[in-house]
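J.: Protein sequence lines correspond, in order, to chains S and D. So the first sequence is numbered by this note's numbering: it starts at 1 and just counts up by one. So the second sequence is numbered by this note's numbering: it starts at 1 and just counts up by one.
These are computed hints drawn from the structure, not numbers from a lab. For clarity, every value in this text was computed on a predicted model and none was experimentally measured. Some clues are possibly wrong.
A pair counts as met if it fits within one copy or between any two copies, since identical chains are not told apart.
[As the list claims (entries may be wrong)] In silico EDC-like pairs for lysine to aspartate or glutamate, Cα to Cα no more than 20 angstroms straight-line:
{"id": "1", "residue 1": "Lys57", "residue 2": "Asp321"}
{"id": "2", "residue 1": "Lys464", "residue 2": "Glu88"}
{"id": "3", "residue 1": "Lys120", "residue 2": "Glu24"}
{"id": "4", "residue 1": "Lys77", "residue 2": "Asp251"}
{"id": "5", "residue 1": "Lys221", "residue 2": "Asp18"}
Letter by letter, the chains look like this.
Number of protein chains: 2
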Amino acid sequence: MASAITPQATDFPRWYQDVVSTAELADNGPVRGTMVIRPYAYAIWEFIQSGLDQRIKRAGVQNAYFPLFIPESYLAKEAEHVEGFSPELAIVTHAGGSELAEPVVVRPTSETVIGEFMAKWIQSHRDLPLLLNQWANVVRWEMRPRMFLRTSEFLWQEGHTAHATEADAAAFARRIHLEVYDEFIRTQMAVPTYIGIKPPSERFAGATNTMTLEGMMKDGKALQMATSHELGQNFAKAFQIQFQTDGGGSDFAFTTSWGASTRLLGGLIMAHGDDAGLVVPPRIAPYLAVVIPVRDDDDVNAAVATIGRELADAGIRHHIDSGRGNFGRRVTDWEIKGVPLRIEVGPRDLAEGRVTIARRDTGEKIPVALAEVVATVRRLESEIHDALYEGARQRRNANTHEVASVAEAIEAADSGFARLPWSVAAGAEAELKTHAITVRCLQRADGSLPEREDEPGLTALVAKSY
Amino acid sequence: MASAITPQATDFPRWYQDVVSTAELADNGPVRGTMVIRPYAYAIWEFIQSGLDQRIKRAGVQNAYFPLFIPESYLAKEAEHVEGFSPELAIVTHAGGSELAEPVVVRPTSETVIGEFMAKWIQSHRDLPLLLNQWANVVRWEMRPRMFLRTSEFLWQEGHTAHATEADAAAFARRIHLEVYDEFIRTQMAVPTYIGIKPPSERFAGATNTMTLEGMMKDGKALQMATSHELGQNFAKAFQIQFQTDGGGSDFAFTTSWGASTRLLGGLIMAHGDDAGLVVPPRIAPYLAVVIPVRDDDDVNAAVATIGRELADAGIRHHIDSGRGNFGRRVTDWEIKGVPLRIEVGPRDLAEGRVTIARRDTGEKIPVALAEVVATVRRLESEIHDALYEGARQRRNANTHEVASVAEAIEAADSGFARLPWSVAAGAEAELKTHAITVRCLQRADGSLPEREDEPGLTALVAKSY
Chain S
1 MASAITPQAT
11 DFPRWYQDVV
21 STAELADNGP
31 VRGTMVIRPY
41 AYAIWEFIQS
51 GLDQRIKRAG
61 VQNAYFPLFI
71 PESYLAKEAE
81 HVEGFSPELA
91 IVTHAGGSEL
101 AEPVVVRPTS
111 ETVIGEFMAK
121 WIQSHRDLPL
131 LLNQWANVVR
141 WEMRPRMFLR
151 TSEFLWQEGH
161 TAHATEADAA
171 AFARRIHLEV
181 YDEFIRTQMA
191 VPTYIGIKPP
201 SERFAGATNT
211 MTLEGMMKDG
221 KALQMATSHE
231 LGQNFAKAFQ
241 IQFQTDGGGS
251 DFAFTTSWGA
261 STRLLGGLIM
271 AHGDDAGLVV
281 PPRIAPYLAV
291 VIPVRDDDDV
301 NAAVATIGRE
311 LADAGIRHHI
321 DSGRGNFGRR
331 VTDWEIKGVP
341 LRIEVGPRDL
351 AEGRVTIARR
361 DTGEKIPVAL
371 AEVVATVRRL
381 ESEIHDALYE
391 GARQRRNANT
401 HEVASVAEAI
411 EAADSGFARL
421 PWSVAAGAEA
431 ELKTHAITVR
441 CLQRADGSLP
451 EREDEPGLTA
461 LVAKSY
Chain D
1 MASAITPQAT
11 DFPRWYQDVV
21 STAELADNGP
31 VRGTMVIRPY
41 AYAIWEFIQS
51 GLDQRIKRAG
61 VQNAYFPLFI
71 PESYLAKEAE
81 HVEGFSPELA
91 IVTHAGGSEL
101 AEPVVVRPTS
111 ETVIGEFMAK
121 WIQSHRDLPL
131 LLNQWANVVR
141 WEMRPRMFLR
151 TSEFLWQEGH
161 TAHATEADAA
171 AFARRIHLEV
181 YDEFIRTQMA
191 VPTYIGIKPP
201 SERFAGATNT
211 MTLEGMMKDG
221 KALQMATSHE
231 LGQNFAKAFQ
241 IQFQTDGGGS
251 DFAFTTSWGA
261 STRLLGGLIM
271 AHGDDAGLVV
281 PPRIAPYLAV
291 VIPVRDDDDV
301 NAAVATIGRE
311 LADAGIRHHI
321 DSGRGNFGRR
331 VTDWEIKGVP
341 LRIEVGPRDL
351 AEGRVTIARR
361 DTGEKIPVAL
371 AEVVATVRRL
381 ESEIHDALYE
391 GARQRRNANT
401 HEVASVAEAI
411 EAADSGFARL
421 PWSVAAGAEA
431 ELKTHAITVR
441 CLQRADGSLP
451 EREDEPGLTA
461 LVAKSY
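Just chain S, same shape as in the assembly:
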């Protein structure tokens, strides 16, 4: 194969960059740390967007849009928040031909500006819960950018909600975390994750509790796929989000925020990709199948057209590769792009009334009767999804080690994750960091999501990470 992709085992970061570039997913933007998302990757992002958006709306949340520019003074209203974000801010000092009286910040996240408007819109307990979400770009200046994973500008959704009670806020954030993020990432992206809460040192700036989903990439490192925060009354007090209670008194609301970003594209690449390139999970694949004529002859072209029509009638996303070029090279190109199925249509197969369907995930080649193409593609969509998920789950489990000491955890984190008692890890965060290892999340011993980090008997999941 002519592919210019570095093998994963040789150099995983180079493999990643090679896939991003040869599969035409993204290019570096002209301004440091920014990226151009190319059409093929953007099409995957559109599936991620619409899948998350449906689930967010199902939870009763409404979309809105808040401004890109935030007065610098807003960020300062929440002390931890400004401290957390200051080093990453991009600042507009001139606009409309003159210097601004107050510089404005390009939003790194929108808690502050949304807090300001929640305060305006919320008067009474009847206005609660207020459930908002926005799809937007945000800017966090990156010193060590890496495509999709850490870019100075990225695309995301950020949900922001206000509730009358702490319990209601906690329950809603948890619902989003499990019914939106985990459900989508598991059932559509085929990525199994560990679900837990961040230790205090790793919490979002201004949060009282941060829930995370940690995926294991193929090099054994962790990637935070999405986070959901309880913000307590911190932002409500900073922005005066107050409401009249049922009893006629007044209280500050409890707010939450939660987000998932184009970083998910990086997770998808590293959770499923292999030495031949990208492997796109079928349910979010721009094309579930690509139809490739083995040779440019009339019978083949007619069969390709018929199959294309049948796939279209069945509502199956597909692409007809009618480009001339070398057949082998086209096969390699579609492998690099990770299209789940190739339907190869050649004269020899046709003479026997069939085509060959090749699975991207296993490489398996399946002879299929012409009349069975649509049904087979449909069946394989689910089979491939399940196989990708199951493969990732087994890999994850095989590379997660239950350990008792910090030394064992450091060793295990060379190639995967370690789980050790939080009581042991709690005092060792600084030591772990010298090995580039962090506590990714805290879980109950059975792997379930705890309520708070002070629950007794919690387990810390530690790993190197992106």
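Take the given structure of chain S and dock chain D to it, following the hints.
T.: Positioned in the frame of chain S, the structure of chain D alone reads:
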């Protein structure tokens, strides 16, 4: 009615602000000229987005995403472009805690950065046409902001394409203009427009030809609803978008760009709204119908629930207003929000096996048998759309005057549009401007879209505008 909306005849700009605020469409952002798009308006925007996006994809265009930040030097590469946009730019001078070596511009539009990447991706005539679009926010600093119509940040789609020949570029821009913009605005927003080309003085900075769709607002002023530009080889030469021709030579590509923005929401408000508030065209209405119990009693509530189920089963977007509160006030609130149909469910009607359906556009109240509710709502969706379109078309035609002189045009533009020979208007643009009148577009005498502004016998459409 308790509505706090200023009548249109009293003060149209105040009417507009009142509708924006009482229908909860948008709020001013904290930074001058920015806006918060509230959920109800954003839901309408989502219909506009998906309607345009489908049509754009149908034309063979792929979505992508380019960075928000553009090096200042890029804009300078196309002389007219930088001159046109310089006064409106917002500039980032500091990021990541230090001053930037080269300031970056927050995109006012993306011709330059997309031009840079087109140059990289296009090698041969086989790479053409390259058809790209992005959904994004852009920033153009506004000295006299007006919600939706002129805001310092707005949301839009911007299409950018490259072609091997000028004819192909022109045909594609025209196709987008007619099959995407005109078709959508007419069949979904129920707004008739005049289609023409801008005179040279009003062209997009860097374009060789700009096509526009001009809608007439209820005060007789024009609103530019969408524009499509042929850019000739201007950007191709500035950014070296070159390709190998079929014959083995080398040529610069011909590019186009075209956009429609959240300004369409302003157009929708002013094209259809009345003294009772917003009137949302049914095909892009977040709710086609709202079901309102006249009284809070068991029979009424049971009937409301049944109707809700039937509407849901029929896939009709609706909202059940189960809030208690005063019935008359709730009716007014939904009128302000412009929901096309109110289904009022009261005990007296129910006793006779029916409900009352009220049309927002005409105020007409129709008694409808319970069994006929879904079918009636379905039928009225099309009837209301047609009535809104036809009403707007008649208003537009009645307020468009064919004139022969500049003096007559100035008089006509006090309350509507004037059409006069371009040969007459061409020398009078400066004089017209002293009356706040501009040439909105040039058309053929029969109203059709010309190819170029030097075609003989063109007519100029002149008006005051937003």
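J.: Decide, hint by hint, whether the structure agrees.
T.: Here's how the hints hold up against the structure:
For the identical chains of this complex, Lys57 and Asp321 are inter-copy neighbours only, at 18 angstroms across copies versus 37 angstroms inside a copy, given an alpha-carbon limit of 20 angstroms. For a Cα distance limit of 20 angstroms, the shortest separation of Lys464 from Glu88 qualifies neither inside one copy, at 22 angstroms, nor across copies, at 45 angstroms. In this assembly of identical chains, the alpha carbons of Lys120 and Glu24 lie at most 20 angstroms apart only when taken from different copies (12 angstroms versus 45 angstroms within one copy). Taking the closest pair of Cα atoms, Lys77 and Asp251 come within 20 angstroms of each other only inside a single copy of the chain (19 angstroms); across copies the shortest separation is 56 angstroms, beyond that limit.
In the homo-oligomer, the alpha carbons of Lys221 and Asp18 lie at most 20 angstroms apart inside one protomer (19 angstroms), although the nearest pairing across protomers, at 54 angstroms, exceeds that limit.
In this structure, only the earlier hint numbered 2 is contradicted, and the remaining ones agree with it.
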